[in-house]
Amino acid sequence: GQNIDQPTEMTATEGAIVQINCTYQTSGFNGLFWYQQHAGEAPTFLSYNVLDGLEEKGRFSSFLSRSKGYSYLLLKELQMKDSASYLCAVRARGKLIFGQGTELSVKP
Amino acid sequence: DAMVIQNPRYQVTQFGKPVTLSCSQTLNHNVMYWYQQKSSQAPKLLFHYYDKDFNNEADTPDNFQSRRPNTSFCFLDIRSPGLGDAAMYLCATSYTLGQGLSNYGYTFGSGTRLTVV
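Top line first, the protein sequences correspond to chains D and U. Residues in the first sequence are numbered from 1 upward in steps of one, following the numbering used here. Residues in the second sequence are numbered from 1001 upward in steps of one, following the numbering used here.
Mixed in with the good hints there might be a few duds.
If you want the footprint, here are the derived chain U segments under chain D, 3+ residues with CB under 8 Å [as the list claims (entries may be wrong)]:
| no. | segment |
| --- | --- |
| 1 | 1071-1080 |
| 2 | 1107-1114 |
No more than 25 Å apart at the CA atoms, straight line, and that leaves these computed lysine-lysine pairs for PhoX-like [claimed, not checked]:
| no. | chain 1 | residue 1 | chain 2 | residue 2 |
| --- | --- | --- | --- | --- |
| 3 | U | K1017 | D | K95 |
| 4 | U | K1052 | D | K95 |
| 5 | D | K95 | U | K1044 |
| 6 | U | K1017 | D | K81 |
| 7 | D | K57 | D | K68 |
Far from chain D by the CB rule (all over 10 Å, computed), these chain U residues [what the hints assert, rightly or not]:
| no. | residue |
| --- | --- |
| 8 | V1012 |
| 9 | K1017 |
| 10 | K1052 |
Derived by calculation from the structure, the hints in this document are not laboratory data. Backbone N, C-alpha and C define an ideal beta-carbon position, used for all residues, glycine too.
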């Protein structure tokens, strides 16, 4: 079966850096996605990793280790608007399976 | 802009009264997905269509059905909604099933929030 774990909630300060971890166990792994979701809205794409290593995209970076079944999303220079749920999702056998999401609160 | 459009944005239905949610796309993507997302939970895949080929998840209740009359449209039918079916329903599309290493990304609609009274 598929199992994706991430912390339920995190709090960070405006301007700081935060790292959101995701661990997964799955068969047929074919890529890991990170999405941002504001309350009541659809998920929006942030990043994609299929090979080991770091992908950087502006203030957001994502890392993947396939051997460890581990990924993290790094958010730099946090802004208040970054307060949202961050979803880790694994693509396997043609399906996109989501973790429960990490609710990030950014405080002034 | 090419988009995935879900109608309506908010839907209120009565307990046990059939309801249909709709999704349309202008991306010409082969694959369309329906997810159910309850409050503070992960989106849960209900089923997907690859072209006309329907793929149901093993744990999707029989109460949920889907139709895809053409490439652009996909419908979610809930035959007898219960209080536990209140959720956000998300439609998503992708160009393929993503078998390769490329980022065949997923495009999500804005969702339909279903309330059952």
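Practice problem: Would you mind confirming whether the straight-line C-alpha gap from K1017(U) to K81(D) stays at or under 25 Å? | Solution: 39 Å, violated
Exercise. With a cut-off of 25 Å on the C-alpha distance, tell me whether K1052(U) and K95(D) pass.
Key: 16 Å, holds
Quiz item: Far enough from chain D: is every CB of that chain over 10 Å from the CB of K1052(U)?
Solution: Check passes; 16 Å lies beyond 10 Å.
Self-check item: Residues of the segment 1071-1080 of chain U with Cβ under 8 Å from chain D, three needed, outcome
Solution: Violated - the segment 1071-1080 of chain U has 0 residues with a Cβ nearer than 8 Å to chain D, which falls short of three.
Quiz item: Is the Cα-Cα distance between K57(D) and K68(D) 25 Å or less?
Solution: 23 Å, holds
Quiz prompt | Hinted pair K1017(U) and K95(D), Cα distance within 25 Å | solution = Violated: K1017(U) and K95(D) sit about 30 Å apart, past 25 Å.
Practice problem: Closer than 8 Å, Cβ to Cβ, for at least three residues: run that test on the segment 1107-1114 of chain U against chain D and report holds or violated. | Solution: holds (count 5)
Quiz prompt | Verdict on K1017(U) as a residue remote from chain D, using beta-carbon distances over 10 Å | solution = 24 Å, holds
Practice problem: For the pair supplied as a hint, K95(D) and K1044(U), confirm whether the alpha-carbon distance does not exceed 25 Å. | Solution: It holds: about 11 Å lies between the C-alpha atoms, which stays within 25 Å.
Quiz item: Does the claim that V1012(U) lies off the interface hold, with its Cβ farther than 10 Å from every Cβ of chain D?
Solution: 15 Å, holds
Going through the hint list in order, the structure does not satisfy hints 1, 3, 6.
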